[in-house]
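Enquirer: Residue numbers (my numbering), protein chains in the order written: chain A, 1045 to 1240; chain F, 9 to 254; chain Z, 285 to 741.
The hints are simulated quantities; they were obtained by calculation from the structure and are not laboratory data.
The calculated label-pair distances, taken between Cβ atoms and stated as ranges, are: (1) Z/Asp516 x A/Ala1133: 16 to 22 Å; (2) F/Asp64 x Z/Glu318: 41 to 47 Å; (3) F/Gly172 x Z/Lys668: 50 to 56 Å; (4) Z/Leu480 x F/His93: 53 to 59 Å; (5) F/Arg212 x Z/Asp628: 40 to 46 Å; (6) A/Gly1075 x Z/Lys360: 41 to 47 Å.
Here a beta-carbon is modelled for each residue, glycine too, at the ideal position from N, C-alpha and C.
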Amino acid sequence: MSSRENILKEVAKNQPADRALPIIDIAVSTGLDEWIPILKQRLETLHVTIHEVADYDAIKAILKETAIPQERTVTTIEELSTVSTFIDAVKEDAHSLENVDLAIIPAHFGVAENGAMWVTDSLVQYRVLPFITQQLVIVVRRESIVYNMHQAYEKIAGTNYDFGVFIAGPSKTADIEQSLVIGAHGPKGLTLFILG
Amino acid sequence: MRVALFVPCYVDQFYPSIAIATLELLEKFGCTVTYPAKQTCCGQPMANSGYEHEGDSCSKLFTENFAGFDYIVCPSGSCAHHIKHHLHTEKDKPEGEHIKKTVYELCEFLTDVLKVTSLKARFPHKVGMHQSCHGQRGMHLSQMSELTAEPFSKPGQLLDMVEGVEQIKLDRIDECCGFGGTFCVFEEAVSAKMGKDRVADHIRNGAEYITGADMSCLMHLEGILKRQNSKTKVIHIAEILNNYES
Amino acid sequence: MHSTITNHADAALDFNVDEARVNWHDKTLWFIREKRDLVSHAIPEWEQLRDYASSIKNNVLSNLSQYLKEFEANAKANGAIIHWAADAKEHNAIIHEILKKHNIDRMVKSKSMLTEECGLNEYLEANGVEVIDTDLGERIVQLAKEPPSHIVLPCIHKKKEEIGELFHQFLGTEKGASDPQYLTGVARKHLRETFLTRRAALTGVNFAIAETGEFVVSTNEGNADMGAHLADVHIASMGIEKILPKQKHLGVFLRLLARSATGQPITTYSSHFKKPQPNQELHIILVDNGRSVHLGKEDFRNSLKCIRCAACMNTCPVYRRSGGYSYHNAVAGPIGSILAPNFDMRKNKDLPFASTLCGSCSNVCPVKIDIHDQLYKWRQVLMKEGYGAPAKNASMKMMGWVLSSPKIYDISGKAARIVLKYAPFIVSNKLNPWYKQREMPAPPKESFKEWYKKNRK
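Chain A on its own, in the form it takes in the complex (with noise of 0.2 Å):
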């Protein structure tokens, strides 16, 4: 017999009677106009800058005075293919872009809660993309906040994707002696806009 079917029989044999699932039933009885100043409270936690812009030219306007005199940025998101190299497919090899400064890409929505992003690899073409980058513009819509990760996967449900992720600010470690340190792997910093 292969491992599979030895290791499926001795669980099925082991396995203790069914106990059911619970039903998750969390209430949100807040809305949007309070969700907001939480995730901006929790976002500057997490060291990430925050921008409320009412459309792209007031994005491309900041990044122009901020960010943009960077060697390499890319986005993908085309309103802004004014101010950074646009990429719409997956043209070539992922390691070319190890030189990336700056990477302007969006997120379907946000969480208040813990400040996370749901991105998915067709948002961005190139999955390493938001971690290989140095620094990461993330543009997130503000009606699309929601308060809490029950909500963020019922929106998430149904839809597709082959790699999605929840970004919660740049990459980070507290592995020497607990202090934090911003800039591991990933991003050095992450810049959010909250549009709309």
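Dock chains F and Z against the given chain A, drawing on the hints supplied.
Expert: Below, chains F and Z alone, put in the same frame as chain A:
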């Protein structure tokens, strides 16, 4: 109300004044207290060492001694916890089940059964409360710092009724002292270190006395305090609640 | 530095030789416990979430064979290649085969306690494959040729000066440099080059979803993603207990995991791997290694609910003062002490006794494993199975301490006679560990029993 006094073996041998204070307190609140004279040990030291199976005779003896009372009261959360959760009972005998349901640690008996709201006691000192784990996490005498829940403390509530007591705040409100039964000798290094750290927390925050509902933990802390020639003393909560001195 | 003592009490004694270091270790971990309290207490439904997580995991264990098949079918449909490993040996051999097939002799690996359990690094190195651990803490202990001492914070036992010295030796940093920011920057550069040149990446698995065939990996550093997305071959190793039934259950577990582990509201990255990238191979290895047998033990199966957050270690007053190595297993602390005896009772007979049974571990556990009750039950099993020596010594010592007062002879009854049978072994109080750092209580003039006879009857 017929109450049986359950005195832990080490209290009987080393700290009789705690048992006396417990007895007097219960009598003061109108209980008819009996001390079953043939009682020995609840069997916890053996059970915690993995020899629960050898404690059957302890359980049998305990059941014989303590059958037929309305309540059993013990000035130790740990011993009461052992009886409540680990007393071996024979299925056809309801006495054991009755014992498990009616065994109380002293503080919870005072607050929950006798519903004591005032005490005639005075103890004008700064007191640090040591939360013994079996009493706290096992018997829920106090809320546990790990949980997201409303705080409460049955021993603390009683201390508040004592004139002159000033309860100090600790840096770690319910960290284990490291006594742990046989742990205190088998894991001597960690046990003593835990005890030293607990004592230091109380001293740092100004305790003249460390009190609690379990003398076993306090005995361990007392051993450390005495070795350090500290001025800080330990005192079982029953002795504070039964204290009149000015 | 790394102790090879395989008895907890002896290793703990060794660790306690340097009291200042014990204080530092204790404070560092207590700081994380405090952060955990702060974030969990801010969530009113925290205890309800723990109930949900516990119930979901109970459901998983009670339907595990069905969920494993469901996960396998969905993961296959997603394009993953599924392997089943009965034990550590088979797990390691499967990985070696995959690498051989691709002519790969260098691999990056993000954190996976399972590969520690299986001794994968040693196995691959013996077979000529270089493995570089990419989690910073793991890379540090790897350079020091030590195992992790903590499952979330692998080098929590190391001071920054010691890490600085290691980096000076291996990565050419300035002598004496110990600033965490500087050292992390050097490691970032060193590991970036590694990520860009390795064709195979191994990751662990935090959660695998039966319903969708996807799995989730949580990191703060981004190392799992840097490895996996840049490699031709992604291998994910998971214990068979890592399954969750539905995607929506991630909502419960991702709320609990990081808050319990480090006091963060969520890890920086929670990556959901569903399908391999074009031209990439995705292998998932489902590992038993004793888990199916463990599942059959009614009193102990509950520990298979563990999500490896390490909250029980951070809160454990013993772990904080004895260090991870004193548990001589890949998973240390309270959870390690109830997992390890399932693998080998003889080697791990000391661990269920490395606890005061204070119960703090069970209270912080996000999936409500009855850790301290299992420690108590393991003690009973170990003594019944005849692994009694250390505990017998302990009770003997304890009884001896009680019996060092002649008053005990006044105690009558059958129970006391059981106690008494240990008495002859006690020769001298000076040998009693109690006296090393503690005084004895002063004996009173009479016992309560004697007082009662005089005063109440």
